[in-house]
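Trainee: Take a look at the letters that make up each chain.
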Amino acid sequence: KAGVTQTPRYLIKTRGQQVTLSCSPISGHRSVSWYQQTPGQGLQFLFEYFSETQRNKGNFPGRFSGRQFSNSRSEMNVSTLELGDSALYLCASSFGVGGALSNEQFFGPGTRLTVL
Amino acid sequence: AQKITQTQPGMFVQEKEAVTLDCTYDTSDPSYGLFWYKQPSSGEMIFLIYQGSYDQQNATEGRYSLNFQKARKSANLVISASQLGDSAMYFCAMREPGNQFYFGTGTSLTVIP
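Quick mapping for you: the protein sequence lines, in order, are chains D and C. Read in order, the letters of the first sequence correspond to residues 1 to 116 in this note's numbering. Read in order, the letters of the second sequence correspond to residues 1001 to 1113 in this note's numbering.
By construction, these hints were calculated from the structure, which means they are not laboratory data. Idealized CB from N, CA, C, for every residue including glycine. Take the hints with a grain of salt, since some may be wrong.
As a list, the in silico SDA-like pairs of lysine to any residue whose alpha-carbon atoms are at most 25 Å apart [unchecked claim]:
id	chain 1	residue 1	chain 2	residue 2
1	C	Lys1003	D	Leu88
2	D	Lys57	C	Gln1002
3	D	Lys57	C	Glu1015
4	C	Lys1003	D	Asn56
Counterexamples of contact, computed for chain D against chain C with all Cβ distances above 10 Å [what the hints assert, rightly or not]:
id	residue
5	Leu43
6	Leu90
7	Val115
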């Protein structure tokens, strides 16, 4: 079974631009979560989607948005980029929001975004 | 309040020794799941071990075991017989029903030859 894939793997943007990151979950997984990881901050939760609906949302400004498609693939968008948005963005998939608590999340390799 | 607290930013352990990474959590829900992940320098997050709040026994997976003390709300990861390849960041996480995963800030483990 193919793992979680994220594209692109690396991205360099300038302040004020916008960016779209893509995530394809493991086949059969319907839940996709996004995290921002910066040094010393651990993983900051952005949002979680299940069956095209946003189920949970973290404490990020409205510049961060996401969506999920009918095939469970997900995209996240960051508009009006700021220097502080430079981070590793991780996508994770799991079987379902309402499924067993033991359903672990499987992570993709991440997209490293650098904002200049 | 932080849902997951990892108080050890960095730890060192001698190769072949055991090491304990601390994790405490905060929840009022009687049902929850606890997870540990490993993140090597390459960046990918690797699932290590799971403990359910109703599990009677501590979880074990090979050299990994979870020291679950429910009354203290702690879920420490024990790595036995450390190997050089164990050098990585380790994250503790919790999930409540219907909620997202909450991650701690991580512990950087360095195994010394």
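Trainee: Against each hint, give a clear statement of whether it holds in the structure.
Mentor: Going down the list of hints, with the structure as the test:
Between C/Lys1003 and D/Leu88 the CA atoms are separated by roughly 22 Å; this keeps the pair inside 25 Å, and the hint holds. Between D/Lys57 and C/Gln1002 the alpha-carbon distance is near 16 Å, which keeps this suggested pair within the 25 Å criterion. Only pairs whose Cα atoms come within 25 Å are accepted, and D/Lys57 paired with C/Glu1015 is rejected, the gap being roughly 41 Å. Note on C/Lys1003 and D/Asn56: the hinted pairing holds, with a Cα-Cα distance of about 16 Å set against a maximum of 25 Å.
With a closest Cβ-Cβ approach of about 4 Å to chain C, D/Leu43 is found to fall inside the 10 Å limit, against its non-interface label. With a least CB separation of 7 Å from chain C, D/Leu90 falls inside the 10 Å interface cut-off, contrary to its annotation. Even its closest Cβ contact with chain C, about 18 Å, leaves D/Val115 beyond 10 Å, as expected for a residue assigned away from the interface.
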